[in-house]
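Protein chains: 2
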Amino acid sequence: MLTAVSLGPGDESLMTPAARAALEAADVVAGYKGYIALVPPAILEGKEVVSTGMMGEVERAKAAIEQARTGKRTVMVCSGDAGIYAMAGLLLEILEAESLIEEIPFDVVPGVAAFNSAAALLGAPLMHDFASISLSDLLTPWEVIEKRLRLASEADFVIAIYNPRSKKRSDHLQKALDIIAENRTKETPVGIVGRAYREGQDVRAVTLDTVDVESVDMQTVLIIGNSATRITGGRMLTPRGYHRKYDISNS
Amino acid sequence: MLTAVSLGPGDESLMTPAARAALEAADVVAGYKGYIALVPPAILEGKEVVSTGMMGEVERAKAAIEQARTGKRTVMVCSGDAGIYAMAGLLLEILEAESLIEEIPFDVVPGVAAFNSAAALLGAPLMHDFASISLSDLLTPWEVIEKRLRLASEADFVIAIYNPRSKKRSDHLQKALDIIAENRTKETPVGIVGRAYREGQDVRAVTLDTVDVESVDMQTVLIIGNSATRITGGRMLTPRGYHRKYDISNS
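Protein sequence lines, in the order shown, are assigned to chains A and B.
First residue of the first sequence? That's 1 in the numbering used here, and the numbers climb one at a time after it.
First residue of the second sequence? That's 1 in the numbering used here, and the numbers climb one at a time after it.
Please note: incorrect hints may appear among the correct ones.
Any copy, or any two copies together, can satisfy a pair, since identical chains are not distinguished.
Calculated cross-link-like contacts (lysine to any residue; reagent style SDA-like; alpha-carbon spacing at most 20 Å) [to be verified]:
1) K33 <-> T140
2) K168 <-> D11
3) K167 <-> L38
4) K147 <-> E182
5) K147 <-> N183
6) K168 <-> Y242
7) K62 <-> T232
8) K147 <-> I179
9) K62 <-> G241
10) K147 <-> G241
11) K167 <-> R195
12) K62 <-> D247
13) K62 <-> T210
14) K167 <-> M218
15) K168 <-> Q219
16) K47 <-> L139
17) K62 <-> Y242
18) K62 <-> H243
19) K47 <-> D202
20) K147 <-> L100
FYI, nobody ran anything at the bench for these hints, they're computed from the structure.
Extracted from the complex, chain A is given alone in its bound form:
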């Protein structure tokens, strides 16, 4: 039995009881070492832990599947939601490639994803239609990413940006912001959230023309407002549209 378990942003208070129960019931806990570190140590006691910093994602997934194949209840942990840009898909791909999809029961425990966390800390930026785009071109051609940024901006989606920057790709974020700026004013609010609900949490709301790309790292999520998003009382707010139909003022 194999379960992809969402740990949430990192704080235990945002890890669901279902995730905790899956971890407690597991014989083997697999995962990137940074995510294993988010699991309360008491839960890991007496369990086999499969986590080598040197292994890539594919090797880690294969190792977890190998454990599950021997009949051990195996959990693969992911920060945020295991179903959003995370390991649920790779596990399923490998189960399929190894013709194990009927043999090994597989499920996913959903969780609080990175952009859910970022949005909560910023105020209410995701009240309207939005798109989520990863700037990592390790597995996606950069031209596809640019096209998505352009169309998402034209569609006036609020845009959540994952994997905004790495050492090798230090200019991607600025390129992305420039593309978005073709269809947004420079005053458009941009929320920048690093290490949400973890030590070193950093929450900022700036404007599209004042994003300090040097201050952004791979653990940061950005939320770029749509044409109606505004900052109020230090919070980022994308109105749903009630003001068009109802009197929301003090009457």
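Since the structure of chain A is provided, determine the placement of chain B on it from the hints.
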């Protein structure tokens, strides 16, 4: 003090400890009656509950703010994530309109949103860039919704559809599917999830040309695959792209 609290899809196992703690600490719990029903009854004991089925969202938000203004610790509950198409924004809008944004401390407890839940039950459809679009034209002009559907489809986003259907708008979903079909093959997988993690849960994976729109109601979330999404072992899988760079077969 006012807190917008995410209950998750409905099952207690997916309500975070932070949500539970906020509920337990509250003097007043406000919310739509269908959401109040998701709160474990023991937590509500001895608390004031503000929930009239007749009140609209604006009135309910104003009533909650009125309670918070008197110094009571007030919680507004939402199913899914309070920060995704939910009450966090309306509360902030009214706090702003009533000049209370500095006076009443306000925060949001993030949670497991409807599309996180739907994705987990379907397999791994959200492994790549995606857009979320509500088909409700109560607060958004239908032309804007159509434009977003068209551009999201052109961008090859996986598309999550909220509020797919109501009695008054029975043709919106078919219109939306037709627009998406302009840029997707008719074999594109579509996940349909009703009442995720609640009684009567209904999970189906069909293709774009076989969606039974009559079977879809307002409590359903649809996830429409991108050009690479496929069904494998009954699960919906949007590959992240590892197969382009790594050998994921049994080697």
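Verification of the supplied hints:
no., hint, result
1, K33 <-> T140, "neither (25 Å within a copy, 44 Å between copies)"
2, K168 <-> D11, "neither (30 Å within a copy, 43 Å between copies)"
3, K167 <-> L38, "neither (24 Å within a copy, 45 Å between copies)"
4, K147 <-> E182, "both (13 Å within a copy, 17 Å between copies)"
5, K147 <-> N183, "both (13 Å within a copy, 14 Å between copies)"
6, K168 <-> Y242, "between (44 Å within a copy, 19 Å between copies)"
7, K62 <-> T232, "between (48 Å within a copy, 18 Å between copies)"
8, K147 <-> I179, "both (9 Å within a copy, 19 Å between copies)"
9, K62 <-> G241, "between (47 Å within a copy, 16 Å between copies)"
10, K147 <-> G241, "between (28 Å within a copy, 17 Å between copies)"
11, K167 <-> R195, "within (18 Å within a copy, 43 Å between copies)"
12, K62 <-> D247, "between (57 Å within a copy, 11 Å between copies)"
13, K62 <-> T210, "neither (43 Å within a copy, 35 Å between copies)"
14, K167 <-> M218, "within (9 Å within a copy, 45 Å between copies)"
15, K168 <-> Q219, "within (15 Å within a copy, 44 Å between copies)"
16, K47 <-> L139, "neither (33 Å within a copy, 51 Å between copies)"
17, K62 <-> Y242, "between (49 Å within a copy, 13 Å between copies)"
18, K62 <-> H243, "between (52 Å within a copy, 14 Å between copies)"
19, K47 <-> D202, "neither (34 Å within a copy, 35 Å between copies)"
20, K147 <-> L100, "neither (36 Å within a copy, 41 Å between copies)"
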